[in-house]
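Enquirer: Work out the full structure, taking the sequences as your base and the hints as a guide.
Chains as they are written, first to last, in full-length UniProt numbering: chain P, 1 to 76; chain W, 1 to 76.
In case anyone wonders, no lab produced these hints; they're calculated from the structure.
Note that the Cβ used here is the ideal one computed from N, Cα and C, for glycine as well.
Be aware that one or more of the hints could be misleading.
The calculated label-pair distances, taken between Cβ atoms and stated as ranges, are [said to hold, decoys possible]: (1) W:HIS23 - P:LYS56: 19 to 25 Å; (2) W:ASN26 - P:GLY29: 44 to 50 Å; (3) W:SER34 - P:GLY27: 37 to 43 Å.
If you want the building blocks of each chain, they are given just below.
Number of protein chains: 2
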Amino acid sequence: MKARIFITLKPGVLDPQGKAIHHALNGLGFDGVSDVRAGKVIEMDVADGTDDETLKAMCEKLLANTVIENYRIETE
Amino acid sequence: MKARIFITLKPGVLDPQGKAIHHALNGLGFDGVSDVRAGKVIEMDVADGTDDETLKAMCEKLLANTVIENYRIETE
Numbered sequence: 001m002k003a004r005i006f007i008t009l010k011p012g013v014l015d016p017q018g019k020a021i022h023h024a025l026n027g028l029g030f031d032g033v034s035d036v037r038a039g040k041v042i043e044m045d046v047a048d049g050t051d052d053e054t055l056k057a058m059c060e061k062l063l064a065n066t067v068i069e070n071y072r073i074e075t076e
Numbered sequence: 001m002k003a004r005i006f007i008t009l010k011p012g013v014l015d016p017q018g019k020a021i022h023h024a025l026n027g028l029g030f031d032g033v034s035d036v037r038a039g040k041v042i043e044m045d046v047a048d049g050t051d052d053e054t055l056k057a058m059c060e061k062l063l064a065n066t067v068i069e070n071y072r073i074e075t076e
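Expert: Take a look at the structure:
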């Protein structure tokens, strides 16, 4: 089973990587961009039947820093 | 308009970050995980009506290293 975890910075948390990307896009002539935020995806092959609770525990304990990051779990 | 770019390493490209996450998950007792790959998400606010060609150009020129990375564009 595939699980995908999307980790993004909470609103209000400074994002220097996003700022740098934004600046570079402007420098390349892409003017329509008004905001950029950078985050992470983690794709995992997990055992079939792994429940959402387990995936949530992985996020809370290791994958996301819940003080400054939100996460979203997607399974297929 | 929101655009989301998902950037993942191509299959076969070594992923030390994913390996480290995998190892750490095992260390925490999550045994059902057989593979982990780490990637990036870039969330952008772009001008309404920005076409897919422009977003593709951003990926090709700056956001993704197309030698080793795949990208996927999602707009809403």
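Enquirer: A separate judgement is required for each hint: does it hold in the structure or not?
Expert: Taking the hints in turn, this is what the structure says about them:
Range check, HIS23 (chain W) to LYS56 (chain P): about 20 Å between beta-carbon atoms, so the 19 to 25 Å window is met. Taking 44 to 50 Å as the suggested C-beta distance range, the pair ASN26 (chain W) and GLY29 (chain P) conforms, at roughly 46 Å. In this structure the hint that SER34 (chain W) and GLY27 (chain P) lie 37 to 43 Å apart at CB holds, the actual value being about 42 Å.
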